[in-house]
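From first to last, the protein sequence lines are chains P and D. Under our numbering, the letters of the first sequence match residues 1 to 169, in that order. Under our numbering, the letters of the second sequence match residues 1 to 561, in that order.
Calculated directly from the structure, the hints in this document are not laboratory data. One or more hints might be untrue.
Straight-line C-alpha distance at most 25 Å; calculated SDA-like pairs for lysine to any residue [stated by the list, open to error]: (1) P:Lys130 x P:Arg2; (2) P:Lys102 x P:Val146; (3) D:Lys180 x P:Leu67; (4) D:Lys308 x P:Leu57; (5) D:Lys308 x P:Val146; (6) D:Lys305 x P:Lys102.
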Amino acid sequence: MRHLVSVLVQDRPGVLQRIAGLLARRGFNIESLAVGRTHLEGLSRISLVVSGDDAVLEQVEKQLNRLIEVIKVTDHDEPHVERELALVKVSIAGLEERMEVKDIAEAFRARIVDVAKRSIIFELTGDTTKVNNFIEALRPYGLLEVMRTGAVGMSRGEQVLRVREKKAV
Amino acid sequence: MNGARAILKALEMQGVELIFGHPGGTIMPTYDALYDSSIRHVLVRHEQGGIHAATGYARASGRVGVVMATSGPGALNLVTGLQDALMDSTPVVAITGNVPQHLIGTDAFQEADVVGITQPVTKHNMQVRNVNDIPRAIAEAFYIASTGRPGPVLLDFPKDVQLAEFTGSFDVVVDLPGYKPTYKGHPRQIERALEALGKAERPVLMVGGGAQHASAEITELALKTGLPVIPTLMGLGVFPGTHPQCLGMPGMHGSVAANRAIQYADTILAIGLRFDDRVTGKISRFAPHAHTVIHVDIDPAEIGKLVKTSIPVVGDAKWVAAELVKGAKKLNLSKWWAQLEEWKTKYPFAWKPKPYLQSQEVIQAFWEATRGRAVVTSGVGQHQMFVAQFFKFDRPRTWINSGGLGTMGVGLPFAIGAALARPDELVIDFDGDGSFQMTLQELATLKKLNLNVKIVILNNGFLGMVRQWQDLFHGRRYSEVYLADSNPDFAKLAEAYGIPGLTLTDKAQLQDAVKAVLAQPGPVLLDARVYHEEGVFPMIPSGGAAEDMIIENPREAVAGD
Ligand SMILES: Cc1ncc(C[n+]2csc(CCOP(=O)(O)OP(=O)(O)O)c2C)c(N)n1
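Pulled out of the complex, with its shape left as it was, chain P reads as follows (with noise of 0.2 Å):
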């Protein structure tokens, strides 16, 4: 089972590292990471894709809860939002191809970032299973380079992932 897990950290020197090296040594396979800051300064916020059953979710967020700077973390089964961005270079050999290629990425929504002699950039944004179909799409037509950003979550709705109240020790 694949789990979007979005965890909410003060943001402290070496706590990417932290958070990585605790996975990884716990022996939890990390299918993509990503991290950028909040609105509220100091904390950041990390979208991370595990798979693994209940059990392994589960442990994976006992874990990370063990860590200091983490203040919350969140799994989300319930309706969310999920997005990835990915540039995809292809390789364009005729005007043929260039005419095929960008009706693919029509299709798909994809914008074009650079468009060179025998090569054209896109960029997409959309969940996992959309990023995928669109580089399968291309592949035929040589990919030269993927870079993918992992996938980023938020709940819909009034759900929100925030500051614990404080609790009296």
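Once you have looked at the hints, place chain D with the ligand on chain P.
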């Protein structure tokens, strides 16, 4: 004041009275400041000795142990001890120096990525880069080390931070939004636990190292309910080992009664333990009849990690045990106890007498002579298991050994730390000839401090535990385990450090030797030359389950002696 002074002032404010350490270039400003501080420093001869001593101090006292080291080689010598403290949940704060910040990342002399290297072996660590952050960093380190599930925390101070002018405030509040340990177990879960116990026909109470501070509450719970108690290796002393309700420790070298009790139990109440594989054996065959497992632990990540838990209680052992006591009733377990008694009497820990001196009888003689009034440490190996089997621990925090990591060489430094933490107590280090040689340079530290530590080397001339496995599982091919041909004369070695040394070879002299050791004030070393091919039994082979237990040495059962 400079950063170094600020470090010491912040440590003083945490109530630190004692630091174990070894100086060097990058920590020198802090050693300089130590010169004017009220904090006592114990100079160890190797940083590993320092962190183990700090661990022994913490385990014996319940307070935070502190160790200090210089950058690079000094800091790296802490690594084993940090992992040892992590696995046995011991509160330790390690302070290290590092090269000045402008040299960090340049492969400077004695530079090492200490924060990176120690990340997996600490509960938390950090490098303090701003001199004014010192008080907050130290307050956080002590808070993190000593609360929740205790563990080691390392703070790394670049030399320029120690030398910079401090202009900050010591008035700090620890506020870690991501760290809020839960102390109070959920009342509904506690209620469910009591209900389950009330219905149980064959319940057992297992207690681990996380319950050492909850001894009073757990003893009360056991007495009130009549539950059989199984302390793990780390839990010995939580409940009196001589009490009839104590079944002894479980696991690989545990008692038949404890292992069978778990094997047939329908309900397990486990407090402050983590179901280590040395306790469970093959997990899929562990406690096959236990339909109810109640697991009490302060670390939520331990619950359900290995054993399926039906009633999880996240909370402090002391707090939860006290709540359980309130609602607990006397249980009717007479049928269960009849069975337990039978196992207990039929299969006590025992040994076959031999014409030679035996480890078990040496340990037993010391237990009898002290009536158990001692704090005991050990190395790792057969001797450690023999102590766990034959020295009955009646009080908490009196058995300090390396459970989780199984670190050879902890015995002597643990003993030094324990003796400093509990100056009123007699401390005995039962050590192996192999283990002792890993940190024996701390004899110098012991001599200097003149502590009441008795070192008893159970000298079998072998890396005994490895030899036992080779004997049982590798066709008696004794590969690289023989020590006797090159062991030092340990008594003379002690004398060389100015510590009285005795040698015991003859069984008949055992009582006299014990008396002589105990009569001597201050440190003494006894080199007890024990039977060289002893085995530890019972034994559950690695990866086996309770029913695979080998109760006595198959070699002796077949061939005799
Ligand atoms: C630092 C370290 N290295 C290696 C081991 C593996 N090991 C476990 S027990 C043992 C033998 C211990 O020998 P000794 O201290 O003489 O004790 P004995 O088993 O003979 O009582 C060894 C080598 C270990 N536990 N720790």
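Each hint tested on the structure:
Of the pairs offered as hints, the one joining Lys130 (chain P) and Arg2 (chain P) holds, with about 16 Å between alpha carbons and a cut-off of 25 Å not exceeded. Of the supplied pair hints, the one linking Lys102 (chain P) and Val146 (chain P) holds, its CA atoms being roughly 17 Å apart against a limit of 25 Å. In summary, the hint linking Lys180 (chain D) to Leu67 (chain P) is supported, as the alpha carbons are separated by about 11 Å, within the 25 Å threshold. Under the criterion of a C-alpha separation no larger than 25 Å, the hint pairing Lys308 (chain D) with Leu57 (chain P) is consistent with the structure, at around 15 Å.
At roughly 43 Å between alpha-carbon atoms, Lys308 (chain D) and Val146 (chain P) are farther apart than 25 Å, so this suggested pair is violated. For the hint pairing Lys305 (chain D) with Lys102 (chain P), the CA-to-CA distance comes to about 51 Å; that exceeds 25 Å, so the pair is violated.
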